[in-house]
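Once you've looked at the hints, dock chain B against the given chain A.
So the chains spell out like this:
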Amino acid sequence: MSNNQVNLGKLEFEQIKDGLIEYMKSQTLLKDYNFKGSIMNSVIDLLAYNTFYYALYSNMLANEMFLDTAQREESLVSLTKPLGVTIPTRTSARANIRVGGSATIPQFTRFTGINNDGVIYNFYTYKLYEAGDGIDFIDDVELIEGSELIEHRNITTSLDLTRQTYFIPNINIDVSTIIVEVDSGDGIWNLWNKMDNIGDSTENLSQRIYFVERFDTGFELQFGIENSLGNSIVDTDNVRISYLVSSGSSANEISTFRNVELAGNITIEIVTSNNSPNYPSKGGLDSPDLAYFKFIAPKFFAAQNRAVTKDDFLAISAEYLRSKGYYVNKDNFNVFGGEELTPPKYGRVFVATEEISTPDILDLVAYLKTKCTVSILPEYVNTVSDSLTYDVRVQLRNNNMSVAQKEQLRINIKNFLLANYSAVRKYNISLSGIEQAITENFTVDVSAAFVTINYNKSFAPNTATTIINIENPLEINFGAFTQITQFTDINGVEVRLKAFPLSSSQLSEFINLRTYVVNNNVETLSSTLNYGRINANAGYIEIGPYSSELFTVDVNLKYSSFSSGTNIKFTILPNLIEFI
Amino acid sequence: MYSFLQTAGISNNNHAVNNIVSLLSDTIDETKKESAVELLQFRMGQNVNYNNVEECGTLYDITKFIPLWVVYEKENRIGRLESGTTIYDFLQKYYDWLYCDGPSGAQYGLSNNILDLIDVKKTKDNLVKNLYSAYGDSFSGIFTSNTLDVGRAELEQFLTGIRKNFYHRKGTEDGLRKLFTTLFVIDESDIEVEIPKRLIIRLNGGKFYDPNFSFRTNIGDTGDYLERGDLGGSYLNYSKLQDATWFHDHNYLVFIGDKYNGNEDIAEIYRKSNHPAGIGLLFGKQVSDFTPVIPDTESAQVCEYPMLKNYAAYGISGTYQALGVINGATFYGLTACTGCCGASFSGFTGPTFRFPSWTNLTTASQFKDINILDFLTLCYDSTLASPNNNLTCNGCP
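Protein chains in written order, with the working numbering: chain A, 1 to 580; chain B, 1 to 397.
One chain only, chain A, in its complex shape (with noise of 0.2 angstroms):
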């Protein structure tokens, strides 16, 4: 929410000193006195100094007690606790590949990745995998890297049963491969769950769960003790722990793999398709995102293990697909409500993102669905890339500029806009105060900028309706024409769609594009031709089906900047193509 830093007093020194200065003068005891006399100054100088110390560690103390100005990684483990979240330490790396030559994989099978500069890293599979009958490939095997794995570490005598706590002395393990089994006597081992959040539900008090908590040298598993959530592990019991030891970032982008274990003439395929996200290798954090955290726990506070609101959703989803790796955020990771689309489809709520493979987007939407309302149905939605341009024009202080110094200033803002408001596949990206931006970065040479945003997009010959949904007012007026797109139609003739509302009401409905025929250049509107209609304030646009050729849709958003207090607030929302 805020990131500006707390400030408790002045933290410079010279204003510190004359602060001091100032109260001494305002004391009837010391008013008379010469402050900058040559040994007050020096005591004063004192002084100052001494309070820069007390200002120094008062600010950060003060900082580092809240979670949105936190520096320091410890800081922000003890505040996110109460929250529900754990922070963890190093995250590994990990792939998805494709495996032939074997019908199973087993769990902790190891294969090797060797990155650019020859050094090479192991990776483990994390679950059985079984190829399907008659099927020769497995897809989707996810790889985990680790520089050492711990497999089934028989921990029952480390235990401290009073406790009921196990304590692993490495910071360096990624918390989220932590398995945890149990064999009660009957020698079967019973898979325990790590809990992250005590949830409203008094279930947990004799489930088979553990929590983890992050100490500075490694970290403490906490079964259940008596009045406590979860089981206790008892004297009888055996107990068994695998994890992996993560190298962290340098394990990422591995794109060469090799497996040494398996019996028979294996051959590895990389996954490269977009339900297969991680390829090359990626993931792997030397330490945690602090950002994110700061993003997502107090959203995950806030759910409550629930997913009612939006935020509900993401914060959800963000903790479950970090289980798996995955770090999620409002970024690349998106949710909507069917409420929210035009027309609405109530009653479900879709997320959309390229992070995710298809076996994990599957399992989230499934998780959604244990966590939602009942009757609200989770879906995910395919992303649909759509691209936005702005038109900037600038007033300049000085009119007699050379025209190699327009040029140079045309360079300038291009490079200033394109790092700054130049995202690429991302989510809910905000383009608000642009024009102020550039007032202010470049405020010698501009007194005033103004920006028109512009939403074109080219279709591919179709015969399904093409469906435009950028869910913003388009720049569009009533008793007007305005020209949508032009194209030749299956029958070979040249129309050209335009939109001409009659009324100020008419911007808000859905109205029918008229459909000009071209003719040597001269357009007449046909009586039997209708192609498509748009509601401008929504901004909707259906065209089609009758498209043999390519063709561009090209529109202004309604946006003006002239306007005092108007943000640009542009959603680009994903048609509905595919659902799973």
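Mixed in with the good hints, there may be bad ones.
Listed next, the in silico DSS-like pairs over lysine-lysine satisfying Cα-Cα at most 30 angstroms (straight line) [claimed, not checked]:
no. : chain 1 : residue 1 : chain 2 : residue 2
1   : B       : Lys64     : A       : Lys25
2   : B       : Lys129    : A       : Lys330
3   : B       : Lys122    : A       : Lys81
4   : B       : Lys74     : A       : Lys31
5   : B       : Lys240    : A       : Lys17
6   : B       : Lys178    : A       : Lys81
7   : B       : Lys93     : A       : Lys36
8   : B       : Lys124    : A       : Lys17
Source of the hints: derived by calculation from the structure; they are not laboratory data.
Being a predicted model, the structure only gives us computed values, none of them experimental.
Structure of chain B alone, referenced to chain A:
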């Protein structure tokens, strides 16, 4: 507080200052201009609301650090009616300033337990938003809005116990009322939550609320379906046709009175904090605000007012004589009259025509997506020619 400074490693600096200034005390004493005796009061260890600190006085007393010979000398000077001001008086003023969180002090939060900064009831006004950033993230709009006026007391009350008082009620009407009454001090009686689906017309088996038209009223088999718990009877005569925005099964209306009527900031905070995703919401509206869409008489439109006579041929029944067959369906109606015929279909000669705006949408076999409102208003683009123009019924039955 002193133990805190020791922990911070700052206490050594204090001792250093004491030692140095004690060496300078005689020199400073020579520069004195005025004689006064300060009575130092010891006021340590009190937790004070940061926002109530105006005049601080002495919050950290250094009396115990003053050497006895200085106290003795000071008393002697005062006894001789000379100035009693010493370097320690100077230092006490320094600490008065350093430990003061009022406007005249250094304001480093040293007058209180610094952990009070994370106590919502004691912290500074400008730090409340930092507490909300951790525990009430969805309410961030309060601190950036220029149109919302939420008091400190309300912010404190709402954040205290927010998990039990609000998050556990999230998505419910109870949560909604808690939010608006506690945080925005809106009177409970001003808040209205309406569920339009209870007003939607539904199949009711032919039973009507109006006793003149009701059936089986003697066994109570009629009435509001929500009161009855089934669809056995409904207020058919007061019901609304279902639409996509106001009256449908996945919608609710929230009205919060006049205090923040039309305020988009509060609407956004509500959507972010309590609105269930996937459900329709009309914020700031009541069912009584609903106005059916009516023709815009000021715009360039002309409207037709359908006469039953003109459309009689649309009826499919045996009441009238058969006029013709379209796609296998026999149409019955009034006999065609001279000059009444518009479009004709495969020998059908009834007095019917297509509505001008639908010319491009309908074919003999497709009805497509004609706006249902057109059936009611029959308004069309004035540039199109209406087949009703100059229509006379000379010769019509």
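For each hint, the structure was consulted:
1. Taking the CA atoms of Lys64 (chain B) and Lys25 (chain A), the gap is about 25 angstroms. The hint holds against a cut of 30 angstroms.
2. Using a Cα cut-off of 30 angstroms, the hinted pair Lys129 (chain B) and Lys330 (chain A) holds, with the two alpha carbons roughly 22 angstroms apart.
3. Taken as a hint, the Lys122 (chain B) and Lys81 (chain A) pair is honoured in the structure, with Cα atoms around 23 angstroms apart against an allowance of 30 angstroms.
4. Under the criterion of a C-alpha separation no larger than 30 angstroms, the hint pairing Lys74 (chain B) with Lys31 (chain A) is consistent with the structure, at around 20 angstroms.
5. As the CA atoms of Lys240 (chain B) and Lys17 (chain A) are separated by approximately 74 angstroms, the hinted pair breaks the 30 angstroms bound.
6. For the hint linking Lys178 (chain B) to Lys81 (chain A), the alpha-carbon distance of about 27 angstroms falls within 30 angstroms, and the restraint holds.
7. This hinted pair checks out: Lys93 (chain B) and Lys36 (chain A) have alpha carbons roughly 17 angstroms apart, not beyond 30 angstroms.
8. The hinted pair formed by Lys124 (chain B) and Lys17 (chain A) meets the criterion: a straight-line CA distance of about 24 angstroms does not exceed 30 angstroms.
Going through the hint list in order, the structure does not satisfy hint 5, though it satisfies all others.
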